[in-house]
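Top to bottom, those sequences are chains A and B.
Residue 216 in this note's numbering sits at position 216 of the first sequence, with consecutive numbering throughout.
Residue 332 in this note's numbering sits at position 332 of the second sequence, with consecutive numbering throughout.
Check the hints yourself; a few may be wrong.
The list makes no distinction among identical chains, and a pair is therefore deemed to hold if it is satisfied within one copy or across any two copies.
Here are the computed lysine to any residue pairs in the SDA-like style, where the Cα-Cα straight-line distance is at most 20 Å [what the hints assert, rightly or not]: (1) K13 to T335; (2) K35 to A176; (3) K430 to P93; (4) K430 to S418.
Note that these hints are calculated values from the structure, not bench results.
Protein chains: 2
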Amino acid sequence: MSTNAVSTEQKGKEAAGAALRVATLTNDHKNDAVKRISAALMREQSRIEEANRDDLRRAEQDQLAAPLAKRLRFDRSKIDELTPGLAEIATLPDPVGRVRSARELDEGLILHQVSTPLGVIGMIFESRPDALVQIAALALKSGNAVMLKGGSEAAATNRVLHEIIRDATAEAGVPAGWIQLLETREQATEMLALDRYLDLIIPRGSNEFVQWIMRSTTIPVLGHADGVCHLYLHSDADLEMAGKIAVDSKTQYVAVCNAIETLLVHRDAAERLLPEVGAQLAEAGVELRGCEHTRRLLPEASTASDSDWAAEYLDYILAVRVVDSLEDAVEHINTYGSGHTDGVVCNDRAVAEQFMKGVDSASVMWNCSTRFADGYRYGLGAEVGISTAKIHARGPVGLEGLLSYSWRLYGSGQIVSSYSGADAKRFTHKELPTG
Amino acid sequence: MSTNAVSTEQKGKEAAGAALRVATLTNDHKNDAVKRISAALMREQSRIEEANRDDLRRAEQDQLAAPLAKRLRFDRSKIDELTPGLAEIATLPDPVGRVRSARELDEGLILHQVSTPLGVIGMIFESRPDALVQIAALALKSGNAVMLKGGSEAAATNRVLHEIIRDATAEAGVPAGWIQLLETREQATEMLALDRYLDLIIPRGSNEFVQWIMRSTTIPVLGHADGVCHLYLHSDADLEMAGKIAVDSKTQYVAVCNAIETLLVHRDAAERLLPEVGAQLAEAGVELRGCEHTRRLLPEASTASDSDWAAEYLDYILAVRVVDSLEDAVEHINTYGSGHTDGVVCNDRAVAEQFMKGVDSASVMWNCSTRFADGYRYGLGAEVGISTAKIHARGPVGLEGLLSYSWRLYGSGQIVSSYSGADAKRFTHKELPTG
Numbered sequence: 001m002s003t004n005a006v007s008t009e010q011k012g013k014e015a016a017g018a019a020l021r022v023a024t025l026t027n028d029h030k031n032d033a034v035k036r037i038s039a040a041l042m043r044e045q046s047r048i049e050e051a052n053r054d055d056l057r058r059a060e061q062d063q064l065a066a067p068l069a070k071r072l073r074f075d076r077s078k079i080d081e082l083t084p085g086l087a088e089i090a091t092l093p094d095p096v097g098r099v100r101s102a103r104e105l106d107e108g109l110i111l112h113q114v115s116t117p118l119g120v121i122g123m124i125f126e127s128r129p130d131a132l133v134q135i136a137a138l139a140l141k142s143g144n145a146v147m148l149k150g151g152s153e154a155a156a157t158n159r160v161l162h163e164i165i166r167d168a169t170a171e172a173g174v175p176a177g178w179i180q181l182l183e184t185r186e187q188a189t190e191m192l193a194l195d196r197y198l199d200l201i202i203p204r205g206s207n208e209f210v211q212w213i214m215r216s217t218t219i220p221v222l223g224h225a226d227g228v229c230h231l232y233l234h235s236d237a238d239l240e241m242a243g244k245i246a247v248d249s250k251t252q253y254v255a256v257c258n259a260i261e262t263l264l265v266h267r268d269a270a271e272r273l274l275p276e277v278g279a280q281l282a283e284a285g286v287e288l289r290g291c292e293h294t295r296r297l298l299p300e301a302s303t304a305s306d307s308d309w310a311a312e313y314l315d316y317i318l319a320v321r322v323v324d325s326l327e328d329a330v331e332h333i334n335t336y337g338s339g340h341t342d343g344v345v346c347n348d349r350a351v352a353e354q355f356m357k358g359v360d361s362a363s364v365m366w367n368c369s370t371r372f373a374d375g376y377r378y379g380l381g382a383e384v385g386i387s388t389a390k391i392h393a394r395g396p397v398g399l400e401g402l403l404s405y406s407w408r409l410y411g412s413g414q415i416v417s418s419y420s421g422a423d424a425k426r427f428t429h430k431e432l433p434t435g
Numbered sequence: 001m002s003t004n005a006v007s008t009e010q011k012g013k014e015a016a017g018a019a020l021r022v023a024t025l026t027n028d029h030k031n032d033a034v035k036r037i038s039a040a041l042m043r044e045q046s047r048i049e050e051a052n053r054d055d056l057r058r059a060e061q062d063q064l065a066a067p068l069a070k071r072l073r074f075d076r077s078k079i080d081e082l083t084p085g086l087a088e089i090a091t092l093p094d095p096v097g098r099v100r101s102a103r104e105l106d107e108g109l110i111l112h113q114v115s116t117p118l119g120v121i122g123m124i125f126e127s128r129p130d131a132l133v134q135i136a137a138l139a140l141k142s143g144n145a146v147m148l149k150g151g152s153e154a155a156a157t158n159r160v161l162h163e164i165i166r167d168a169t170a171e172a173g174v175p176a177g178w179i180q181l182l183e184t185r186e187q188a189t190e191m192l193a194l195d196r197y198l199d200l201i202i203p204r205g206s207n208e209f210v211q212w213i214m215r216s217t218t219i220p221v222l223g224h225a226d227g228v229c230h231l232y233l234h235s236d237a238d239l240e241m242a243g244k245i246a247v248d249s250k251t252q253y254v255a256v257c258n259a260i261e262t263l264l265v266h267r268d269a270a271e272r273l274l275p276e277v278g279a280q281l282a283e284a285g286v287e288l289r290g291c292e293h294t295r296r297l298l299p300e301a302s303t304a305s306d307s308d309w310a311a312e313y314l315d316y317i318l319a320v321r322v323v324d325s326l327e328d329a330v331e332h333i334n335t336y337g338s339g340h341t342d343g344v345v346c347n348d349r350a351v352a353e354q355f356m357k358g359v360d361s362a363s364v365m366w367n368c369s370t371r372f373a374d375g376y377r378y379g380l381g382a383e384v385g386i387s388t389a390k391i392h393a394r395g396p397v398g399l400e401g402l403l404s405y406s407w408r409l410y411g412s413g414q415i416v417s418s419y420s421g422a423d424a425k426r427f428t429h430k431e432l433p434t435g
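If we strip away everything but chain A, and leave its shape as in the complex, we get (with noise of 0.2 Å):
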């Protein structure tokens, strides 16, 4: 059957009826349905295979870039590099139905702040195929129904990773419908519009992309469009520090959003640290684009313009300007920056925390690379996307951001009436513990 014969309003309306049901499951039943998952995934390996020679048959046709054909590539290779996360998915405590905070309102009367799930995720992503196994198998656990909108790219392997994850978990008895796939653009765009089943996207893919999706919905978005990053090496840093600190910012992987993309440098350590630090980044394969400033201890550094203060280059390519104090550093970073992850080099720890309060972003590093930030170095186990907005989750967020919370009264017998008037009762608020 096509997924495409169910119009995609009756599939958010499918997930938000199953997503009540999925989420009263037991962390047993959810995690036998996970190791059932893995256990097709192995079993249909020839299945997945031959749909995935379909796709890179096509990506060669239609002559797709090499690192994204790459990425396309789902062989036995793959389910064994996802098997051992589906098996720690599996292992993990459940995490709907924990009491975060408890209260007692009065003897009694007893307020539990519960952990539950959202409800629906839509999930938009490029070609990888394996973030659709991930962010299946990741819903499931935290209770949430999912629509997944993958690359077109991918789509043989995609249909068939939809089917073996729906058959798998139907044999575990969780409610079908919990999992819907999409298939075309166009059934994206409808999606975005169903506020009314779904309670939070979230796009991968390219800052445009993501921009356009943010702009396209009034459904929160846990996201990020771009990472434009500062490192500021402050008058007093260390230069040792700087030039290690600077090269794996820039360098340790360039491609990827928690890179930087600027060097801020105080103007009084740029004549100590820049040509050390510079000489380093140009070893390195690092072009580097200066201010005036810069450019006279950096000649071999171009002129900086405007738009490579804003610039996210993505590449091996380096801002650097130099500034006249610590406030100046963070206006600049707040004025330019996209909020993501910003670092400082300084040793006066009373530096390090003005930098960190004035900097607006999700993630502030001090003497460290901002290359750390990331869900799996910050040890939030799995992670389903770095958020740049302030709302629900920010910077890296694990299985946290696909909860939300309810609050239980447990009382016995008790009516507001008795709290108010003359001779009103008054309430003890007593926090009480949680374990």
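Dock chain B against chain A, hints included.
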């Protein structure tokens, strides 16, 4: 100077600029500013009352409904009501800069999750001018800037209150531009487009008004359109408790969002419970509209139509339906409810847990009144709103709702290259106490 001379976009820009500096104010500084607001209100009492008389005169000319006109009044007694609240805000610990969690990633590499302000809050509210003072003080305490749009009925009062707060906080050294007043509906509409500057919208007003705002902006909205709340009496419900809780949930204050609009009764208990509970409700002045089964037991009830199940009466009217099972009650609530507040009366805690897990609402109550769903009663301190969205904050929302967080990573020279490749260092990922 007219506040209309400056464009709404310019006001948004000013607020966003000020927000970055308000975010870094110390608690002492913010507390001093809040105390100055309180003192200025006392000092300027006659100026406020004069402006308020203008509004009241206009209300009389425009034949404003009596309850609206009453809420408009702002005199010495209102100032006296506001003063203790402001004093309390000035004694609270700083909500900004709290370490929510701490984790060692490796030796000398410590990650903190730290509470931060959101940035700029857009608040749209109806007639009550005291709401302006409260929200301004709460926003300032939580390090945020605000854009306020009050009801046009209270225009003169709001203008004076805004000036007083602006000037009192300027004296205290709070960055200019942190509080912006909008006066026309056109400006409010313009504000909804400023997703570049605003981080959250909090609307208070009618169902249609809030729904219109939610549909009209991509800025996150904290609020609720309606409150179609339910009370379900299970088969084993205690008769006395059922009557007491039903009457309180319906009539303790009928015009509010957490009052019940529908009573559901398990069929096995209908004959035992309905005649007595119905009589108590009737005695409290409630008109009953029942399903067929209900009307056999309560002949005085009129016939409920399908639209009654979705109605938010906000009045002495209650829909009553007999259901076949707990599951049917949950399904009725998830179908017709608004995800606000729903309660169950039953003896068996397992039944209560099943109800609370199954009902997809911000607050769920067991053996107590739905009217408890309120920030003050929940012990959250000030209430900034009640949200039925699942993102960010849900149910009654306190000061926490005006906060985000950032990740601060404190290092000593660490780079990511050391944690990848052949002899990669391993992360320790050890939770640390936050105290």
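Within a copy, between copies, both or neither: which one fits K13 and T335 at a CA-CA cutoff of 20 Å? between (42 Å within a copy, 12 Å between copies)
Same-copy or cross-copy closeness of K430 to P93 [CA-CA at most 20 Å]: Between copies only: 18 Å across, 28 Å inside.
For K430 vs S418, is the C-alpha pair at or below 20 Å within one copy, between two copies, both, or neither? The answer is within: 19 Å in one copy meets 20 Å, while 47 Å across copies does not.
Between K35 and A176, at a C-alpha cutoff of 20 Å, which is it: within one copy, between copies, both, or neither? within (18 Å within a copy, 58 Å between copies)
Checked against the numbered hints listed earlier, the structure breaks none of them; every hint is satisfied.
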